[in-house]
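There are 2 protein chains.
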Amino acid sequence: MSINDVLTTIDNNLDAATDRLMEFLRIPSISTDPTYKADCDKAADWLVADLKSIGVDAKKCPTPGHPMVMGEVGAENTDKPHLLFYGHYDVQPVDPLDLWNSPPFDPALEETPNGTVIRGRGSSDDKGQLMTFVEACRAWAQVHGSFPCRITFFFEGEEESGSPSLIPFLKEHAEALKADVALICDTSMVSRGVPSIASQLRGMLKEEFTLVGPKIDLHSGHYGGPGLNPLREISKLIASFHDDETGAVAVEGFYEGVHEVPADILRQWQNCGFDEKDYLDNAGYTVAHGEKAYSTLEQQWARPTLEINGLWGGYQGAGTKTVIPSEAHCKITCRLVGDMDPAALRAKLRKHVEDRLPTDTKVVWDLDLDGSPAYVIDTTRTEFEAARGALTEEWDREAVFSGMGGSIPVAGYFKSILGMDAMLVGFANDDDAIHSPNEKYDLESFHKGTRSWARILDALSK
Amino acid sequence: MSINDVLTTIDNNLDAATDRLMEFLRIPSISTDPTYKADCDKAADWLVADLKSIGVDAKKCPTPGHPMVMGEVGAENTDKPHLLFYGHYDVQPVDPLDLWNSPPFDPALEETPNGTVIRGRGSSDDKGQLMTFVEACRAWAQVHGSFPCRITFFFEGEEESGSPSLIPFLKEHAEALKADVALICDTSMVSRGVPSIASQLRGMLKEEFTLVGPKIDLHSGHYGGPGLNPLREISKLIASFHDDETGAVAVEGFYEGVHEVPADILRQWQNCGFDEKDYLDNAGYTVAHGEKAYSTLEQQWARPTLEINGLWGGYQGAGTKTVIPSEAHCKITCRLVGDMDPAALRAKLRKHVEDRLPTDTKVVWDLDLDGSPAYVIDTTRTEFEAARGALTEEWDREAVFSGMGGSIPVAGYFKSILGMDAMLVGFANDDDAIHSPNEKYDLESFHKGTRSWARILDALSK
Numbered sequence: 001m002s003i004n005d006v007l008t009t010i011d012n013n014l015d016a017a018t019d020r021l022m023e024f025l026r027i028p029s030i031s032t033d034p035t036y037k038a039d040c041d042k043a044a045d046w047l048v049a050d051l052k053s054i055g056v057d058a059k060k061c062p063t064p065g066h067p068m069v070m071g072e073v074g075a076e077n078t079d080k081p082h083l084l085f086y087g088h089y090d091v092q093p094v095d096p097l098d099l100w101n102s103p104p105f106d107p108a109l110e111e112t113p114n115g116t117v118i119r120g121r122g123s124s125d126d127k128g129q130l131m132t133f134v135e136a137c138r139a140w141a142q143v144h145g146s147f148p149c150r151i152t153f154f155f156e157g158e159e160e161s162g163s164p165s166l167i168p169f170l171k172e173h174a175e176a177l178k179a180d181v182a183l184i185c186d187t188s189m190v191s192r193g194v195p196s197i198a199s200q201l202r203g204m205l206k207e208e209f210t211l212v213g214p215k216i217d218l219h220s221g222h223y224g225g226p227g228l229n230p231l232r233e234i235s236k237l238i239a240s241f242h243d244d245e246t247g248a249v250a251v252e253g254f255y256e257g258v259h260e261v262p263a264d265i266l267r268q269w270q271n272c273g274f275d276e277k278d279y280l281d282n283a284g285y286t287v288a289h290g291e292k293a294y295s296t297l298e299q300q301w302a303r304p305t306l307e308i309n310g311l312w313g314g315y316q317g318a319g320t321k322t323v324i325p326s327e328a329h330c331k332i333t334c335r336l337v338g339d340m341d342p343a344a345l346r347a348k349l350r351k352h353v354e355d356r357l358p359t360d361t362k363v364v365w366d367l368d369l370d371g372s373p374a375y376v377i378d379t380t381r382t383e384f385e386a387a388r389g390a391l392t393e394e395w396d397r398e399a400v401f402s403g404m405g406g407s408i409p410v411a412g413y414f415k416s417i418l419g420m421d422a423m424l425v426g427f428a429n430d431d432d433a434i435h436s437p438n439e440k441y442d443l444e445s446f447h448k449g450t451r452s453w454a455r456i457l458d459a460l461s462k
Numbered sequence: 001m002s003i004n005d006v007l008t009t010i011d012n013n014l015d016a017a018t019d020r021l022m023e024f025l026r027i028p029s030i031s032t033d034p035t036y037k038a039d040c041d042k043a044a045d046w047l048v049a050d051l052k053s054i055g056v057d058a059k060k061c062p063t064p065g066h067p068m069v070m071g072e073v074g075a076e077n078t079d080k081p082h083l084l085f086y087g088h089y090d091v092q093p094v095d096p097l098d099l100w101n102s103p104p105f106d107p108a109l110e111e112t113p114n115g116t117v118i119r120g121r122g123s124s125d126d127k128g129q130l131m132t133f134v135e136a137c138r139a140w141a142q143v144h145g146s147f148p149c150r151i152t153f154f155f156e157g158e159e160e161s162g163s164p165s166l167i168p169f170l171k172e173h174a175e176a177l178k179a180d181v182a183l184i185c186d187t188s189m190v191s192r193g194v195p196s197i198a199s200q201l202r203g204m205l206k207e208e209f210t211l212v213g214p215k216i217d218l219h220s221g222h223y224g225g226p227g228l229n230p231l232r233e234i235s236k237l238i239a240s241f242h243d244d245e246t247g248a249v250a251v252e253g254f255y256e257g258v259h260e261v262p263a264d265i266l267r268q269w270q271n272c273g274f275d276e277k278d279y280l281d282n283a284g285y286t287v288a289h290g291e292k293a294y295s296t297l298e299q300q301w302a303r304p305t306l307e308i309n310g311l312w313g314g315y316q317g318a319g320t321k322t323v324i325p326s327e328a329h330c331k332i333t334c335r336l337v338g339d340m341d342p343a344a345l346r347a348k349l350r351k352h353v354e355d356r357l358p359t360d361t362k363v364v365w366d367l368d369l370d371g372s373p374a375y376v377i378d379t380t381r382t383e384f385e386a387a388r389g390a391l392t393e394e395w396d397r398e399a400v401f402s403g404m405g406g407s408i409p410v411a412g413y414f415k416s417i418l419g420m421d422a423m424l425v426g427f428a429n430d431d432d433a434i435h436s437p438n439e440k441y442d443l444e445s446f447h448k449g450t451r452s453w454a455r456i457l458d459a460l461s462k
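First to last, the sequence lines map onto chains A and B. Once you know that position 44 of the first sequence is 44 in full-length UniProt numbering, the rest is easy, because the numbers rise by one and skip nothing. Once you know that position 153 of the second sequence is 153 in full-length UniProt numbering, the rest is easy, because the numbers rise by one and skip nothing.
It is worth saying that the hints were derived from the structure and are not from the lab. A portion of the hints provided could be inaccurate.
Because identical chains cannot be distinguished in the list, a pair is counted as satisfied if it fits within a single copy or across any two copies.
[Unchecked claim] Simulated crosslink set (EDC-like; lysine to aspartate or glutamate; CA at most 20 Å straight-line):
#1 K236 to D355
#2 K178 to D278
#3 K236 to E327
#4 K215 to E276
#5 K215 to D95
#6 K171 to E385
#7 K52 to D244
#8 K277 to D360
#9 K215 to D431
#10 K292 to D360
#11 K37 to E208
#12 K178 to D355
#13 K351 to D368
#14 K215 to D275
#15 K362 to D244
#16 K215 to D278
#17 K362 to D19
#18 K60 to E393
#19 K236 to D370
#20 K462 to E394
#21 K52 to D33
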């Protein structure tokens, strides 16, 4: 029997596969908010049951946080490569809820100018992508009654909340998890219809601080004038993070460890099918707003950033409150590239703020936030060429090695803790609105993504 | 019978008066939040019943918003001045609730280093102050079986939410409300134990805007770098409102209509008993943070301000969300002095923001917010000297004509709409934490405030 039988089975079972995904999407497994702890557990149980239904020996593994799901199959194929597949079943929070056009956890198929989409939180990040691999395995097993090689399934429930349990878990289960290569489906295509394998990922540093001013909220009539206002002061601090002339981050030493992109890689990127206009349009931008000295693609893939993800203080309710609040709050994430060291960067960022603290204020840092370095992948391995060929066949368009603006810390941990390279193949599109209201996943991504994995499994097990 | 009988009655009835105030404070009449509409109505009913209990012909008057309370008594005293007493029964919101040491609407007496205080939202602003006058009338009526002069009671329920119904109501009921002079008890003493009559009030301009950037919330991995971040941009706008060198507001034309304080008034202020250190200590400040060229008292009483009262955007929940939000929000109030024109100032403020809007952003202004000019009171009228004498007797300390940092728009409307001067006498202290968690009113303010009004009524009706 040939790969075509598997592909045909995938085509014939698309409706059933979509229904399974919908069921999975209905579980509100928001990992960052303790309110949803039971739902994260439920999502893990759902995965265990689904893996068992295709003959995988799967189990839920407890952690101090949300459980991991592990499963293994095809160990008899000792002459074939051992693959580990990673995905995450947790999803982002849904606020602002009022901007959703349909309930985030009541997924539905929807017709759009770009074709049919699966609408709902997690449809793209990462439940839909995760299921492309599971559905490929299901079809393979259905056609062959077996699996092409030894496959270890590894699903996490804390990816959207900093993966606090991941490193200890990897260390504890190193033997079971160490495979020849890890497959990860949590990335997007460079452009619609352009199959992409990520060759480098940005790292991430998380920070949060509270600027404390007066000892109580004050009346802006009694104290307006002589009173220091933390909202004004935190705004000045945030404004000081960037140089408006160059668009560069102005924190001293921020760019230590950043390398320019080699000319040959830059040339590849220039021809990778990235549609700058489309990328900017998706966000409602007419121009790129980052470092003026770099192209939009470099700004996204190869340059570090400092972003404010949350900012709040004072009165947010209806009407007016004439208050000078005692505190202001700010959430920050930095994207890291090259050899930037998260710990060193954290120190520089804190120094930048502490050097600028006005009289009568203090800063309180959140001490529970982590960081991870950037990761450049060795794409010279034979598996990468095989996968590139399989993707090129499926999409009828040459697959590319792309950069990545996002951070997939697990890929770095696979390398540093298990000595295992990761191959990141994803089918998301830039307009999927992941982490945003109205998240969606193209039905084409789900369908051809599943077919792509079948072809990759075939290529890697030949 | 002499004034002393009235003062003795007040002393003897202090406990009962305090119980009545407690009952009034238990009604959560937050006017700015629609959730509490019924409670505002309940507070109005409570006042009507309490006025009736001392023989005042009182009634609740509906408005498009919260009701007004009106009452009249003593019309037979045609040879005496006609006084109007104004206060407001609505209170500020209570957030942040977690900073309260006791439930804001479960008032209680509490011993402190500065003596006994009445703790609870509205105890100082303005229910406690309002009741000082009502209790003085109660004692007077009890002793004399009548009232010293014609008194019109006028209580509002929208003072903390911009008084939307006030101007039309004043115009509609001009005849009933027009008296010889208005008495208002909603201000504080220059310093603990220094009886004060406000001689000028700052005006207020309210603004709120939303800065709109990308058309949806974005993933800070996909768009961090090229993406414009509204939280960073609104911070730059807020930082641009002031000149950090001088501490002055940097909005072009902001100071048009502002006059320097005359030397003789400045001399009065220098000797008015204002305790700068105490004032700054109450807020946890070691220095004044306003315009460097002016004294702390001038900054508070005689200089205009631009304050940020609320600032928010992006993720505020537990953990991290790697988002570039599509919007950022900001609430602003300006305090006005001299001849500053609210409408002209609004135009300048909006121009300042609109002139600085970055590419790919737009600003949306709240169009429902009002403004009121500053108000300088004619303190040469005989009533002011009479009241000053009465206060000096009660507090055994010369009463002063003080400035005011706050805004009491109604005083300006009494003048502009009814041609009636207002005399503002209040007994609050700067550490009352009005508009803040743990608001309190000194029992001494309540007791001696009541005695003060009895003396003022006596002096004004001689």
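Identify every previously stated hint that the structure contradicts and give their numbers, smallest first. 2, 6, 7, 11, 12, 17, 18, 19 and 21
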